Each structure stands twice: as structure tokens, then as C-alpha cells.
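> Add chain V to chain Y, keeping to what the hints say.
The lines below spell out each chain.
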Amino acid sequence: MANQTQTATAPQSDAGAQKIQQLRELFADASDVGKRALENVIKELSSQVSEPPPPIESAGRVGARLGKRSELTMIVPLVPGGAKRLRTFLQLLGGNLSPGATKVGTLHDMRFVFIDNDTRLLFATSFDGDWDTYIDDFIALIPDYLDLMDSAWEGWPGIRDPGAKDYLVKHQITAEGWFVANPELTLAEIQRQNRVSKAVDELLDKIQ
Amino acid sequence: MATQTQTATAPKSELTATEKVQRLRELFSDAPEIGRTAVENVLHELKSQVSVAPAFRMESAGRAGSRQGKVSELTFIVPLAPGGAQRLRGFLELLDGDFNKADLVGTVHDMRFVFLENDTKLLFATAYDGDWDAYIDDFASKIPDYLDIISSAFEGWPGIRSPQVKDYFAKYQITAAGWYVANPDLTVVETRRLKRIGKAVDRFLDQISE
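Chain order of the listed sequences is Y and V. Under my numbering, the first residue of the first sequence carries the number 1, and numbering increases by one thereafter. Under my numbering, the first residue of the second sequence carries the number 1, and numbering increases by one thereafter.
Errors might be hidden in some of the hints.
Below, in silico cross-link-like pairs of lysine-lysine (DSBU-like), each with a Cα-Cα straight-line distance of 35 angstroms or less [what the hints assert, rightly or not]:
| # | chain 1 | residue 1 | chain 2 | residue 2 |
| --- | --- | --- | --- | --- |
| 1 | Y | K43 | V | K121 |
| 2 | Y | K68 | V | K195 |
| 3 | Y | K19 | Y | K198 |
No lab work stands behind these hints, which were simulated from the structure alone. Just so you know, these numbers come straight off a predicted model, no measurement behind them.
The shape of chain Y in the complex, shown without the other chains:
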């Protein structure tokens, strides 16, 4: 691994300098704030570009992935009355979707945001692994919760419909920037380590 990185670095630093130069040119017509900011960090940026972090990959059919963690971002049009129904459902749960969501063991976080005067919904989530598996998990584990919410969406075919995945793909927009603090940890791993840590605390308490 170390060898590989070494070999890769040499040609990249030239390319790195070139990339930085391109960015500088691109920022020539930025606001003063933008231009100044770029000059302030240009040295640091150059060193990062010559030793790049693991790149963003595809989460599968659509979406971005960093390490083990993927993103899904969708904006869907709502049917008349859809926003009201979805809002009431969310309020009923105090905004906390844990009854259904905890069943999907790869789901880190998820938000529902009403935009454009309740005519559209932004849905954004962060999850482990591949797009197809994630959607399959929703279908297998919480099909009814999904249909309950998604029946607010215009043209939603139903999660059991063979067109459901195509519908999701059609409205999903892949992020072009994606950062995750702990990209190498899946939810299952975090939860396991949480248990290990509690056990260690108990052990230390007992032997003291």
C-alpha cells in the first residue's frame, strides 16, 4: 500500500501544481473575499493535492460514497395535500422517525425538509454501503412506513412496484462534495464499539 502511494505521488505533484493553477485562474473573477481566501490557503491546498485523500466514489446507481459511507439526496414534487399529511405524520412522532428507521441497520441520519411553499420535499440521508442494498433494506424492513410518507410524492408508484427504484433514481441528485468524519465506520461497527466501551468501563470499575 505504502509503495503504491509513493509511486502515485510523483506524477501527481506536477498534475497537482497544474490543478492549483487552474483553480487560481478560475478564481480570477471571484469576489475579493473569494480571491483573498484562496491565496491564504494556496500553500496548504497544494500539499493536500499532492497527497490526496481517498477519493469520492459512486454509491452505486446514483449518489456519492466516501469510504463506507454514502449519501442520498432527493428533491420530489408533492401532491396536493401531501405536505400536510407528511407534516402531521412527522409531528405525531415528534419529528423522530426512530420507530421505523432503527430497523434499517445501515441508516446513519435522515432529514425531511419542505421547500418552495410545501410544493416540494428535500429528503437527504447518510447510510452504509451501496444504493441498491439500501433501497432493498427499506423495501424489506419498512415498506409501509415508506409508502405512508412517499404517498405524499407526486407519481410515487408504491414501494412494492417494480418502478420504485427508477422513481427514486429519477429524483435523486448526486452530491459533488461529500465529507464524513468517520468514513471507515459503519453504523454496526459504531454500535459494537459503543458496547465494547461500556464493557471496558464496567471492567475497569470492577478491578479498581
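Leaving out everything else, chain V in the frame of chain Y:
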């Protein structure tokens, strides 16, 4: 802020679980059939869920945004200045899409940049620890220049050092109506600590089994 939420919640919580679920059912009477069937299928489970108070309720993250336990959400959609999308994309591509300077802030769980409507708008969505004000302050004090590089693509961006910067964020932020976090009690720092403990325990177990 907390008092406001409390007062708003109080009358609602006087409804029984059955009444709440009944209300939802009525509301769904004009939903598409898929939605009506789905409500009937989960009715029983929902009723029991609603009757017990959840461990974490959604609260306000401060000036804007929602919070679940220790983890908050910030979602905003801003118009881009001419050429802004091109510059921001150039910057993100330079980093291979991974804006890892966010690590320096120490409270960022995840963060995404999504271009919308033919590159005329940007959706920025993040999950972070704690309060809105502290989060913006951390960005301003730890990575001001990176923030300005990115945000100079936004129309009317005053600069991170401007006293108007928080008003700018608040103006374009849209609070999530639903926010779920799998581990609402774990901050970024705590998750890292767990990782270290996990590794130490693995080594320990390896050694005693040798």
C-alpha cells in the same frame, strides 16, 4: 427556545395516542390508496409508539435547524453568483470531492454539496454536534478561508469575517420538519474515542490469547 417548544407541545400531548392516530387516519382518507393502505398496516405499531415518550425528541438546534439528542442538522439552499458553480466545482474537484478540512472543525459528522437547477443554486446539508451558534463560530475561527472560498460562490456572501454572516446563513437555512439520527447520544469526538477503545480492546484480546 426550549420553553417555546415545550409550550407548543403541551396541548398536543394531551391528546391520547388513539386520538392522535385517529387524526392521522382522517387526514389520510384523501391520500392515494398506497398511502391509506400503508397507514392501516402500521396503525397498531404507531399507536404503541405514540403512547410511549421517545428517548429523544426533536428540538431546536438554536437560531435555525433541528436537533436530535446531541446531533443537529443544517440545511440550506442558496442562489449562486455567476461563475460560482464553476469555481466551487473546480475547488471540490481539486479535493476529489472530499472536503476533509471540515475535520478541523471537530464537530462535523457529515456534509454534502449538491448543485441544483442548472447550477444556479447550491444545496448544502450537514450533520453536526451541538448548537447552531457554536457551529458557525467554529467555522469562522477554524477554517475561515476555506469557508470563504466555498461561499464566495454564493450570491451576496458577505464574507465569514463580516458581522452579517450569521444573518446570511439564517436567511437561507430551512429547518427540517423531520430529523432522525441513529446515535443521537454520540458526538464526533465520542465516536473517535470509541474507535480507539475498540482498537485497544482488540489488541488486548489478541495479547491474552497468545
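> Against each hint, give a clear statement of whether it holds in the structure.
Each hint tested on the structure:
1. K43(Y) <-> K121(V): holds, 29 angstroms
2. K68(Y) <-> K195(V): holds, 15 angstroms
3. K19(Y) <-> K198(Y): violated, 47 angstroms
Going through the hint list in order, the structure does not satisfy hint 3, though it satisfies all others.
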